[in-house]
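**Q** Each chain, written out:
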Amino acid sequence: MHMADALLSPAVGGAMWAGSLGTLIYCAKKLKEKMDEKMIPLMGVLGAFIFAGQMINFTIPVTGSSGHIGGGMILTILLGPYAAFLVIASVLVIQALFFADGGLLALGANIWNMGIYPAFIAYPLIYKAIVKKNASNKAITIASVLSVVIGLQLGALSVVLETKSSGITELPFGTFLLLMQPIHLAIGLIEGFVTAGIVIYVRSLRPDIVDDLEGVKALSTGGSLKKVIIVLGILAVITGSAFSWFASTHPDGLEWSIEKIYGKPEISDQASAIKENIGKLQEKTAVLPDYSFPSKGGEEKKTPLWPAVDTGTSVSGLIGGIMVLGLIILFGVVIKLTRRSREKM
Amino acid sequence: MSHHIVELKDVRFSYPDGTEALKGVSFRILHGGSVGIAGANGAGKTTLLLNLNGHLLPSGGEISIGDIPLTKKTRQEIRKKVGFVFQRPDDQLFMPTVYEDVAFGPINLGVPPERVDERVKDALEKVSCLHLINRPPHRLSEGQKRAVAIATVIAMNPDILVMDEPASNLDPKSRRQLIKLLKNFKHTKIIASHDLDLILDLCERCIVIKDGKVVADGPSEEVLLNEQLLEENNLELPLSRQRR
Amino acid sequence: MTFDAEFFNIGYLDTLSYKNSFVHRLDPRIKIIVSFIFILFVVSFPKYEISALMPFFIYPVFLLTAGNIPLKAIAKKVLFISPFAIFIGIFNPLIDTGVIISPLGIPVSGGWLSFFSIIVKFILTVSTALLLIAVTSFPGVCEALERLKLPKLFVIQLLFLYRYLFVLLDVSLRMLRAREARSFGKRGKEIKTFIRLISVLLVRSVERAERIYQAMLSRGFRGEIRVLKIHRLRLQDVFFAVFSVIIFYIFRNFNIVSFIGENIRSFFR
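Residue numbers (this note's numbering), protein chains in the order written: chain A, 1 to 345; chain B, 346 to 589; chain C, 590 to 858.
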C-alpha cells in the first residue's frame, strides 16, 4: 500500500527520504563499479515492463476480485538487489508524478517500504538461501512465496509505523496492524505464487534471463551483501529512533512552532496539546496489541485540545477560510483571463 | 577505378543453439552501389545484415568493409563506416528527444560539441524532420520515427547504409517519401526487404538468399522478374509488374 | 480505472507537460524544490487545523491557471485517488469523539476536524504532485534530478523507463485486447493465463532491451550517456522560488484566515 503525504509528518517523511536517498546513492555506486553497460537499457525497459504489467489484472481465486502484481520481488530475482532497488524507485517516481500515488513527500517512504525489504532482506536472506543453481520448481515456489510475503509484511508494518509516528491518524496502533497485516499476507501469498509462476515459465522460455541476466547478480552474493544488510539494519534503527524522538519533542516537525514567533495563546495550546497527545499515543503503542478504544465520553483520558478556543474564533476561521478561498479563485480567474488576452495579441 | 567497399567471402554463421543461418555467402559491392536483399522468411536476410555491422561475427569466411577485415577488434571501427537502420524504429530511438537521439552517434564518435549541433540539424534537414527536433520520440508517427531513425544514422556520416525492412508499417505516402529520400542518398545502400517494388525502385542490383545461401545475384530488373526464381523463394512478382 | 483509461491518463498529463507557459518555462529544479517545500509546510500543520490551510491553495491554483492546465483533469484524478485518504481518515471521527468546537451551535468533534484536515492536506499535496508533472516535462524533471546531484545512473535509467513506458503500455494494451476478445465473464482472466501473458511480455521486454543495446552499440556507445541540460537558472526562477517560500512561510506562521475572518465579523457587529 502506498503512503500518502497527508498522513505523514515532515519529520517522518524527511527521515524516510534520507534513508531512501542514501540507499539509492549506495546502489548506484555499487552498480557503476561492476555493472555491464547492457544493464542500462535493460533496467529502464524492465521498469516500464513492471509498470505495464501492473495494469494487467487477474482474478483472485476464492474472492473473485481482481488483482495485479507489485513486482518488487520479480525485479530483484531478475536483476539482483542493487539494480532492482533503482528500478523499483523509478517505477514509484513515475507513479508519484503521473498518478499522484502517495505524493512527493511520501515517495521517500514508499521507495523504502517497497524497495528495501524485497531487495535487501527477502532476496538475500530467503530467496537466495533456498534457490540455488538449477533449483526445482518447488524450491522456487517456496522461496518466492516466503520472500514476497515477508517483504510485504515488513512493508506494511513500515506503513503502520510511519503513519503512527506522524500522529495524523487516530487509528490505534493495534487496530491498524490488524487491518494491514492480514490483508498484505493474503496479497503476499498470491503475489508470491504468481512470481514463482512467472520465474518458472520464463525459465522454460529463456533460462538465461532467470539464471543470471547480464552477470550482475554476481554482485549480490557474498559477504559484501551481509555487510550491507547490517549497515541498513543499523540505519533503520537509527532512523527509526531518530524520527520517533524528533516527533515527540518537535510535534510541528520543523521547528517553526508558532509559539516561538507569536505567543498567541490558542495556537500554542495546540502545540502543547499535541505534544501531550503524542505522548499518550506512545503510551498506547507500547501496549501492543491492546486496542481498546478510548471511551466515548473520553474527556477524562484526553484533555480537550483547544481549551482556549471559543466558538467565536472558530467561526472567524470559517468565514476567513471561505473568504480566502474566494480570493484565490478570483486570483486564478484573473490569471486565466490575462493569459487568454495575451494569447490573443 | 572503383574500390570494393563491401566484400563477403564464403561467410558462414551459426547461432549458439546450432542453427546454421548462413552457409557460405559471397558477394562484392562497389562504392555507391545499391543492393536489395530478398528472400523468404527465415532465409537469413537479417542474420546477414547483422553480420555486416559486426553485431554478429561470422563463424567462418571473411567480411571486409573498405579493406578492413571484420573481427572483434575492428568492429567498432567498422561501425563508423556502416550505418545500420534497424527494423523497428522504437528500438533505435531511445533518447528523451529527437535532438539527443540524432546527437548520440556524433557525440560517441568524438565530434566536438560545436559541430554536433550542425550535424544534427543537417541530418534532420535531409530527412525533412528538422521541425521535430525537440519532440520526444513517443510522440512521433511511424513514418516520422522511420525518418528520424535514418537521421540518427546519417548524422554519423557513414559510407554505407544498411537497412532492414525500411518501409514496413508505413502508409503509402510515407513510404513514397521514404523512397524519394533514399534515392537522393549517395551512400552505398544495402536494403533487406519484402517490399519488392521498393527494391525495384531503389536498388540497381538484387541478391536473393535461400537457406543461408545466395541463389541469385544480378540486376534487379532481371532477378525480380524471374518468375520461377521468385516462386521458389516464396516471393512474387513486384506488384507493379503483375498483370491482373 | 480500466487500462485504457489509465493509459490515456498518463498520455494526457504527458502531453500537457510539453506546453509552453510561464510556469512551463520555469527551471524544473525550482519547481521541484518549491513544490517539495510547499508539501513540507502543508503537512507540518497540526492535525486539527483546517482554515489556516486555505491560503495554501494559491500554489496549485497558480500552477493550474498560469500553466493552462484544465481543472477537470486534475480534479478527476484527485477524486479518483481520494478513497484511500478517506479510508484511513474515516477512523478519526469514529475514535476521537471529544467535541472541540461548536460553531453556530453545531458540535464538531476533534475526529471530524482531523478528518477534514487530512482531506484538505490530501487535496493540496496530491494536486501539487500532479501539477508538477503537468507543467514540467518528465525529461525536465530528470534533468533537474541530475542537477540536484541524484546519481546519474538512476536518472538515465529513469529516462529509459519513461521512453519505453508508452511502448510497453501499447504492447500490453494489445495483449489485453486479445485476451478480452477470447474471455467470457471471469474465464480467461485466471492467474494461469495471466502468468503466461506476463511472462511473454517479460521475455519480449528483455528482447527489446537487447535490441536497444544493439542499436546503441551500432552508434558507438561505450558506456557513457549524457543527460542533455537545456535549462539555465534565470532571475525569474530565483524570484519565483524566493517569493513562493516567503509566502508559504507567512501563511504557515501567521494565521491570515482568522485575521480576515475576525475583521469581517467585527465589521458586521
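Keep in mind that the hints were calculated from the coordinates and are not lab data.
Treat the hints with caution; some may be incorrect.
Stated by the list, open to error - Mimicking DSS-like on lysine-lysine, the simulated pairs with C-alpha atoms at most 27 Å apart in a straight line are: (1) A:Lys138 - C:Lys781; (2) C:Lys818 - B:Lys471; (3) A:Lys32 - A:Lys128; (4) A:Lys128 - A:Lys34; (5) C:Lys608 - B:Lys466; (6) B:Lys466 - B:Lys518; (7) B:Lys531 - A:Lys38; (8) A:Lys32 - A:Lys133; (9) A:Lys38 - B:Lys418; (10) B:Lys471 - A:Lys32.
Quick caveat, the model's predicted, so the values are computed rather than measured.
**Q** Next step is simple, just say for each hint if it's right about the structure.
**A** Right, here's what the structure says about each hint:
{"no.": "1", "hint": "A:Lys138 - C:Lys781", "in the structure": "holds, 17 Å"}
{"no.": "2", "hint": "C:Lys818 - B:Lys471", "in the structure": "holds, 26 Å"}
{"no.": "3", "hint": "A:Lys32 - A:Lys128", "in the structure": "holds, 23 Å"}
{"no.": "4", "hint": "A:Lys128 - A:Lys34", "in the structure": "holds, 20 Å"}
{"no.": "5", "hint": "C:Lys608 - B:Lys466", "in the structure": "holds, 23 Å"}
{"no.": "6", "hint": "B:Lys466 - B:Lys518", "in the structure": "holds, 24 Å"}
{"no.": "7", "hint": "B:Lys531 - A:Lys38", "in the structure": "violated, 34 Å"}
{"no.": "8", "hint": "A:Lys32 - A:Lys133", "in the structure": "holds, 26 Å"}
{"no.": "9", "hint": "A:Lys38 - B:Lys418", "in the structure": "holds, 19 Å"}
{"no.": "10", "hint": "B:Lys471 - A:Lys32", "in the structure": "violated, 38 Å"}
Checked against the numbered hints above, the structure violates hints 7 and 10; every other hint is satisfied.
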